[in-house]
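Number of protein chains: 2
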Amino acid sequence: MKPMKISEAVVRRLPVYLQVLNDLNARDVQTVSSQELGNRLDLNPAQIRKDLAYFGDFGRKGIGYDVTYLIEKIRQILKLDQPLNVALVGAGNLGRALCNYNTYLKDNMKITAVFDVHPSMIGSAINGLTVLPMDKLKETIVARNIRIGIITVPAVEAQHVADQFVDAGVDGILNFAPTILRVQDQVRIHYANFTTELMSLAYYLDEEGEEDHHEPDLD
Amino acid sequence: MKPMKISEAVVRRLPVYLQVLNDLNARDVQTVSSQELGNRLDLNPAQIRKDLAYFGDFGRKGIGYDVTYLIEKIRQILKLDQPLNVALVGAGNLGRALCNYNTYLKDNMKITAVFDVHPSMIGSAINGLTVLPMDKLKETIVARNIRIGIITVPAVEAQHVADQFVDAGVDGILNFAPTILRVQDQVRIHYANFTTELMSLAYYLDEEGEEDHHEPDLD
DNA sequence: TAGATTGTTAATCGATTAACAATC
DNA sequence: TAGATTGTTAATCGATTAACAATC
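Residue numbers (this note's numbering), protein chains in the order written: chain A, 172 to 390; chain B, 172 to 390.
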């Protein structure tokens, strides 16, 4: 257990490594080098080695990394080797889509409670879960040991939901609403906002065209 | 038109500035300082000023930034002042949720075509759009001047869909499938993967607890 | 004028990359 | 042994922040 501070950039790359490793594993690849991983991810091999070395000596000089072993190790680092209960507020289109994605069962992360403010929603079932009213939020989160809250309500309601999550004692929030949330420092917030993503993508349209995009006619 | 290279970090902050500015605008705030924006976003005011100064002199010394003017300018920078047509492949739960989010009409970005491989889906309507078969993809993208493709299919199909998007001539792809895509360099790919987001969030659980989280009993 | 706040330069900080001894 | 590849140190690169003259 090294007391070294790991940068957020490193932590964000770990799930991506895991993604590629799972893919290699599914194709029965036994061993992979940082070079090979770098190719697949458009990342510098030295960076990958350095990232992994923060957490231990997972590779073998002259050989590379054992795929299944590295998967196991990264899963441990990300705490995916133990169950993680998640609650979701907002049983609209997006919320329901996420609930149905409980494919990530294999990663031990599971949405175990769904809430909504709308009386018409309450009591309906989504992928085996009954939608609960907001006044059951705190007791459910405590009783089911829920650590993370997902917010899929409209932007105007998001802060209010966040406050209730924090009050109920969650440690992290994943916010899909297009708004900034203010919470106590010890609660971590990640944003998953596709509008933002789409906007930054829009910036780059034609951007490369300004350099040398004079397509030679190939007829 | 300065020939300066803008870093990706800067571009990714612009939509977030826009979010906050729209919020201020909705509450009839006329003017905002970098200090105030920094407070709301947990960002250094100097960074905000520097980010904006890459694109022009939008502020007034001693006063701050005019909210509506800055919104207009950022929208121009992100090319949100002109229509941007988007196509989506994968009319499952998530795909339908995104189509129904065409709230972002006000930003001129609009999903104008939806495709799916499953015959059972084809012909059905989602938020006014008819789901089309994949063999109509290229002609539709060309005909409707679609610049961006959204992928909401399972991971194993994602690369194939990406190839078709690239072949049809899109400039950017927003990929929701949990897999890395390989495309020609001039096509830009952004990833919107909540599993990844959830995993990196999981890493931080209890992390702050190791520092000094000895909650003083307050009874 | 005094106070506030920008745009920008210089200083600092941190992250990425190159290079290489260790070793499989 | 020769070739490959790690883990790690040092060098480089780039991004963030501090500081301040300009000016509203």
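Keep in mind the hints are simulated off the structure, nothing from the lab.
Treat the hints loosely; a few may be bogus.
For identical chains, the list gives no copy identity; a pair is met inside one copy or between any two copies.
Straight line, CA to CA, 20 Å or less: simulated SDA-like cross-link-like pairs of lysine to any residue [claimed, not checked]:
(1) Lys-232 x Asp-334
(2) Lys-250 x Asn-364
(3) Lys-281 x Asn-264
(4) Lys-176 x Ala-217
(5) Lys-309 x Arg-184
(6) Lys-244 x Tyr-375
(7) Lys-281 x Thr-366
(8) Lys-221 x Thr-311
(9) Lys-176 x Thr-202
(10) Lys-232 x Pro-325
(11) Lys-176 x Gln-206
(12) Lys-176 x Asn-298
(13) Lys-176 x Lys-309
(14) Lys-250 x Gln-335
(15) Lys-281 x Lys-309
(16) Lys-281 x Gln-201
(17) Lys-250 x Glu-368
(18) Lys-176 x Asp-377
(19) Lys-307 x Arg-359
(20) Lys-309 x Met-175
(21) Lys-221 x Asp-338
(22) Lys-244 x Arg-359
Each hint tested on the structure:
In the homo-oligomer, the alpha carbons of Lys-232 and Asp-334 never lie at most 20 Å apart, since the shortest distance is 49 Å inside one protomer and 37 Å across protomers. Taking the closest pair of Cα atoms, Lys-250 and Asn-364 come within 20 Å of each other only across two copies (18 Å); inside a single copy the shortest separation is 24 Å, beyond that limit. For a Cα distance limit of 20 Å, the shortest separation of Lys-281 from Asn-264 qualifies both inside one copy, at 18 Å, and across copies, at 18 Å. In this homomeric assembly, Lys-176 and Ala-217 come within 20 Å of each other (Cα to Cα) only inside a single copy, at 19 Å, whereas the closest approach across copies is 25 Å.
With identical chains, the CA atoms of Lys-309 and Arg-184 are never at most 20 Å apart, being 33 Å at best within one copy and 34 Å at best between copies. Taking the shortest Cα distances, Lys-244 and Tyr-375 sit within 20 Å of each other only across copies (16 Å), while inside one copy they are farther apart (36 Å). Taking CA atoms no more than 20 Å apart as the test, Lys-281 paired with Thr-366 passes between copies only; the shortest distance there is 11 Å, against 25 Å inside one copy. For the identical chains of this complex, Lys-221 and Thr-311 are neighbours neither inside a copy (41 Å) nor across copies (46 Å), given an alpha-carbon limit of 20 Å.
Taking identical chains as interchangeable, the C-alpha atoms of Lys-176 and Thr-202 are never at most 20 Å apart, the minima being 29 Å within one chain and 39 Å between chains. With identical chains, the CA atoms of Lys-232 and Pro-325 are never at most 20 Å apart, being 51 Å at best within one copy and 36 Å at best between copies. Neither within a single protomer nor between protomers do Lys-176 and Gln-206 lie at most 20 Å apart by alpha-carbon distance, with minima of 25 Å and 28 Å respectively. Taking identical chains as interchangeable, the C-alpha atoms of Lys-176 and Asn-298 are never at most 20 Å apart, the minima being 39 Å within one chain and 47 Å between chains.
Proximity of Lys-176 to Lys-309 under the C-alpha cut-off of 20 Å is found in neither arrangement, the shortest distances being 33 Å within a copy and 48 Å between copies. Proximity of Lys-250 to Gln-335 under the C-alpha cut-off of 20 Å is found in neither arrangement, the shortest distances being 25 Å within a copy and 37 Å between copies. Within a single copy, Lys-281 and Lys-309 get their C-alpha atoms as close as 18 Å, which meets the 20 Å cut-off; across copies the closest is 38 Å, which misses it. Neither within a single protomer nor between protomers do Lys-281 and Gln-201 lie at most 20 Å apart by alpha-carbon distance, with minima of 29 Å and 44 Å respectively.
Only between protomers do Lys-250 and Glu-368 lie at most 20 Å apart by alpha-carbon distance; the minimum there is 14 Å, versus 27 Å within a single protomer. For the homomeric pair Lys-176 and Asp-377, the shortest alpha-carbon distance between copies (14 Å) is at most 20 Å, but the shortest distance inside one copy (39 Å) is not. Taking the shortest alpha-carbon separations for Lys-307 and Arg-359, neither the intra-copy value of 23 Å nor the inter-copy value of 44 Å comes in at or below 20 Å. Proximity of Lys-309 and Met-175 under a CA criterion of 20 Å is satisfied in neither setting, with 35 Å inside one chain copy and 51 Å between copies.
Taking the shortest Cα distances, Lys-221 and Asp-338 never come within 20 Å of each other, neither inside one copy (38 Å) nor across copies (37 Å). Neither within a single protomer nor between protomers do Lys-244 and Arg-359 lie at most 20 Å apart by alpha-carbon distance, with minima of 23 Å and 31 Å respectively.
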